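Participant: Throw the hints in and build the complete structure from the sequences for me.
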Amino acid sequence: MNKYLRILFSCLLALCLVTGCEDDDSNTPKETPHDFGDNNQDLFVAIGDSITHGYGLSGSQSYPVQLSAMLAKTVINEGRDGERSDSGSARISGVLRNRKPGYILILYGANDIIHDYSSSHILNNLRSMVQAAKNNKTIPIIGTLTPGIWGHSYMEGGLDRLNPLIRQMAAEEGVSVADLDAAFNWDGSYMLSDGLHPNYSGQNLIATTFYNVITQ
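Numbering (our numbering), first residue to last: 5 to 220.
Mixed in with the good hints, there may be bad ones.
Heads up, simulated BS3-like pairs for lysine-lysine below, C-alpha to C-alpha not over 27 angstroms straight-line [stated by the list, open to error]:
| hint | residue 1 | residue 2 |
| --- | --- | --- |
| 1 | K138 | K77 |
| 2 | K104 | K138 |
| 3 | K141 | K77 |
| 4 | K104 | K141 |
| 5 | K104 | K77 |
Distance windows between CB atoms, simulated [said to hold, decoys possible]:
| hint | residue 1 | residue 2 | range |
| --- | --- | --- | --- |
| 6 | Y158 | H125 | 15 to 23 angstroms |
| 7 | D39 | G155 | 40 to 48 angstroms |
| 8 | D164 | P37 | 20 to 28 angstroms |
| 9 | Q172 | N139 | 19 to 27 angstroms |
| 10 | E177 | G41 | 16 to 24 angstroms |
| 11 | E177 | S205 | 27 to 35 angstroms |
| 12 | D39 | H125 | 28 to 36 angstroms |
| 13 | Q45 | S122 | 30 to 38 angstroms |
| 14 | N102 | D198 | 27 to 35 angstroms |
| 15 | Q45 | S157 | 40 to 48 angstroms |
| 16 | D39 | S197 | 39 to 47 angstroms |
| 17 | K141 | A73 | 34 to 42 angstroms |
Don't read these hints as lab results, they were simulated from the structure. Owing to the predicted nature of the structure, the values given are computational and were not obtained by experimental measurement. Even for Gly, the Cβ is constructed at its ideal location relative to N, Cα and C.
Facilitator: Right, here's the structure in full:
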């Protein structure tokens, strides 16, 4: 009997060596570090319109500057007043090529809604930007849109249509969302008197929302 037990034990031992008997969850996929290529993984670029640029505030109060202080890393402000998503889509490749950022933060759509562009038009441009970043080995993070209230309350319908589509597109593309729509929750205390541009507290909230996504 001992002979047969020894044979059985030897077979079980061999099976363990082949298949692995350690309780290390070896079938769980290991997270692969992101390949940044020749990009600088410590460099961030924020691309967008006047909300990114920090309209109505000093340059030091814009969300990219505040985010830079939170991260203790460089965040370049590539926001342009009045820019629409089609212009952002047209210039993002040059920004990626010239800056070589590890991360790019994308926030567009307000001016498109003001000029009555369709949600599908805006979404196609946003997707194009996300894909350009991915192809460049830069990690894109896309923001949902901040409120349009008071003098810009006519934007509400367009914002309500677009923001869920941004979340859906980000899920399809496998990229993270800074959900500014949820963070602001249509709270006017974060807005300048024009009802479109965030005040200092609003810019801080944008920075904090992106920060939380980056560091999660």
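Participant: Hints numbered earlier in the text: which of these fail when held up against the supplied structure?
Facilitator: 8 and 17
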